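Mapped onto the numbering used here, the consecutive letters of the sequence shown carry residue numbers 103 to 228.
Don't take each hint at face value.
[Claimed, not checked] Under the rule of at most 25 Å between Cα atoms (straight-line distance), these lysine to any residue pairs were calculated in the SDA-like manner:
id, residue 1, residue 2
1, 161, 172
2, 191, 147
3, 127, 193
4, 215, 149
5, 126, 196
6, 161, 185
7, 185, 117
8, 127, 148
9, 170, 149
10, 161, 171
11, 185, 104
12, 176, 159
13, 215, 124
14, 142, 170
15, 126, 182
16, 104, 217
17, 161, 188
18, 170, 191
[Said to hold, decoys possible] Just the calculated beta-carbon pair ranges, DEER-fashion:
id, residue 1, residue 2, range
19, 207, 155, 27 to 33 Å
20, 103, 168, 42 to 48 Å
21, 127, 215, 27 to 33 Å
22, 128, 149, 25 to 31 Å
23, 205, 173, 39 to 45 Å
24, 223, 128, 26 to 32 Å
25, 213, 150, 18 to 24 Å
26, 214, 151, 28 to 34 Å
27, 208, 146, 18 to 24 Å
28, 214, 124, 21 to 27 Å
29, 186, 105, 22 to 28 Å
30, 170, 129, 32 to 38 Å
31, 153, 215, 45 to 51 Å
Don't read these hints as lab results, they were simulated from the structure. It should be emphasised that the depicted structure is a prediction, and the values quoted were computed from it without experimental measurement. A virtual CB, placed ideally from N, CA and C, is assigned to each residue, including glycine.
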Amino acid sequence: MKFRYAMVCSSNQNRSMEAHSLLKKQGFDVSSYGTGAHVKLPGPSLREPNVYEFGTPYKHMFDDLRRKDPELYKRNGILPMLKRNLSVKLAPQRWQDNAADGCFDIVFTFEEKVFDMVLEGSAPSL
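With the sequences and hints as input, model every part of the structure.
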């Protein structure tokens, strides 16, 4: 029996995508999601994050940040992270909108608030 796995963090960028990438390379049936209202990436300051809608392609984010300040986003690891992400899937997906993806046997969350959000709004997916 092959299990279906879901990796869930807030923005479907860093932790969930690293796990998704590693498990996918090992042949697991894996998907990944975020639970936030938007996808947030660090900006030039804490008060200026880069905010995108879920479903915005990783390639668009990569090109946008490379245009804004390639040195900053390379130095802080955002461009390499997005490059990894776009090799795994097209765009970040929101957990709360994943009903069409079916049920998962095992769901990993990467922080307590994400765990709570998964439990609150997703009984059909578990």
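Going down the list of hints, with the structure as the test:
no. : hint                    : in the structure
1   : 161 <-> 172             : 14 Å, holds
2   : 191 <-> 147             : 28 Å, violated
3   : 127 <-> 193             : 18 Å, holds
4   : 215 <-> 149             : 22 Å, holds
5   : 126 <-> 196             : 19 Å, holds
6   : 161 <-> 185             : 8 Å, holds
7   : 185 <-> 117             : 14 Å, holds
8   : 127 <-> 148             : 34 Å, violated
9   : 170 <-> 149             : 16 Å, holds
10  : 161 <-> 171             : 16 Å, holds
11  : 185 <-> 104             : 29 Å, violated
12  : 176 <-> 159             : 19 Å, holds
13  : 215 <-> 124             : 23 Å, holds
14  : 142 <-> 170             : 16 Å, holds
15  : 126 <-> 182             : 18 Å, holds
16  : 104 <-> 217             : 24 Å, holds
17  : 161 <-> 188             : 6 Å, holds
18  : 170 <-> 191             : 23 Å, holds
19  : 207 <-> 155: 27 to 33 Å : 29 Å, holds
20  : 103 <-> 168: 42 to 48 Å : 43 Å, holds
21  : 127 <-> 215: 27 to 33 Å : 28 Å, holds
22  : 128 <-> 149: 25 to 31 Å : 40 Å, violated
23  : 205 <-> 173: 39 to 45 Å : 44 Å, holds
24  : 223 <-> 128: 26 to 32 Å : 29 Å, holds
25  : 213 <-> 150: 18 to 24 Å : 23 Å, holds
26  : 214 <-> 151: 28 to 34 Å : 21 Å, violated
27  : 208 <-> 146: 18 to 24 Å : 38 Å, violated
28  : 214 <-> 124: 21 to 27 Å : 22 Å, holds
29  : 186 <-> 105: 22 to 28 Å : 24 Å, holds
30  : 170 <-> 129: 32 to 38 Å : 37 Å, holds
31  : 153 <-> 215: 45 to 51 Å : 18 Å, violated
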